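*Asks:* Go ahead and model the full structure; you've got the sequences and the hints to work with.
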Amino acid sequence: MSPRRASYREDNDHYFAPSRPLRADGIRAEHQTGAFAKSWWADRWIAALERLVDSGRLARGRAYARKGQVLEINIEPGKVSARVQGSRPTPYKITINIGQLTNQEWERVLTALAAQAIFTASLLNGEMPPDVETAFDAAKVSLFPQTQQDLTTKCSCPDAANPCKHLAAVFYLLGERFDQDPFLIFRLRGRTREEILGALRAGSQGYGAERQGHGAAAAIGAAAEKLTDGRPLEELIPTFWQEGAPLEHFTVSIAAPEVGAVLLKRLGAPPLGQDATEVSATLTRTYAIVTSQALDLAFGDEEEDEPAAA
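Take the sequence shown: its letters are residues 1 to 310, numbered as in my numbering.
FYI, nobody ran anything at the bench for these hints, they're computed from the structure. In this text, all values refer to a predicted model and were calculated from it rather than measured experimentally. Note that the Cβ used here is the ideal one computed from N, Cα and C, for glycine as well. Mixed in with the good hints, there may be bad ones.
[To be verified] Computed list of lysine to aspartate or glutamate pairs in EDC-like fashion (alpha-carbon distance at most 20 Å, straight line): (1) 38 - 181; (2) 79 - 194; (3) 79 - 176; (4) 154 - 54; (5) 93 - 72; (6) 38 - 50; (7) 38 - 179; (8) 79 - 150.
[What the hints assert, rightly or not] Derived Cβ-Cβ restraints for the label pairs, each shown as a range: (9) 104 - 291: 36 to 46 Å; (10) 39 - 63: 36 to 46 Å; (11) 23 - 292: 54 to 64 Å; (12) 150 - 33: 22 to 32 Å.
*Replies:* Structure below.
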């Protein structure tokens, strides 16, 4: 058998023999072939990586991600930490730091988001708006890493290249996680899902009072108050199934709601993890169908009586 070919390491002018990673039963990529990202925002994240890493390490990073060499990934504001099983018994420790936006920068971003109804409506529905980067551009910041200076990466492996294949593997798996939950990108930049949605539900309160009534969040809040007599939704939950007051003066106004699925949007995504977006979207479609059919029943043309048989 011929000896294994040695590889050249440029940083310190010496050779080392290539090694194979120890088998691991870690996180296996959902995409075993083809692209790692399904959504445009996850694809944008991976594209940022591919600008920084040479093609050889990218290929090995994809292989590591698909074989389950990444043992764990933890995401917190501004930082990703992970462990990757390489050729040594002790897994390598990975850290990826991405700069968090300042409070003032987030104020500008949230003001820009609240100013566009499509941004607010999409995010309240758990979706990443296609042009969301324009809100960050308006605030003179970026959502995704643009240059190598935007990321600080570290791996405990002996490879002098940075990012190395172990870091690349974590990047690819992060892309899949961003597919499932786009708010993880915001979390890395310093704001949690709850903080983003809470600010958007508040509408223009604190984010440009001059826009009061023009954003989708303001419309949702106004419509919800009509349905709840202005009381917070939290106060209504304990008595939701109880009999209400007598309906002596009850009147009916048959019309489509001013804002579709208003209470669902006011409450935000249900606490169902990665299934929350799908559940919210299904309920929203169901409410729209029910509304359409109810209006058809109320105002549709009555069928003509069939002529009596001769």
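*Asks:* If a hint holds in the structure, say so; if it doesn't, say that too.
*Replies:* Here is how each hint holds up against the structure:
no., hint, in the structure
1, 38 - 181, "holds (12 Å)"
2, 79 - 194, "holds (18 Å)"
3, 79 - 176, "holds (17 Å)"
4, 154 - 54, "holds (16 Å)"
5, 93 - 72, "holds (10 Å)"
6, 38 - 50, "holds (16 Å)"
7, 38 - 179, "holds (6 Å)"
8, 79 - 150, "holds (12 Å)"
9, 104 - 291: 36 to 46 Å, "holds (42 Å)"
10, 39 - 63: 36 to 46 Å, "violated (23 Å)"
11, 23 - 292: 54 to 64 Å, "holds (55 Å)"
12, 150 - 33: 22 to 32 Å, "holds (30 Å)"
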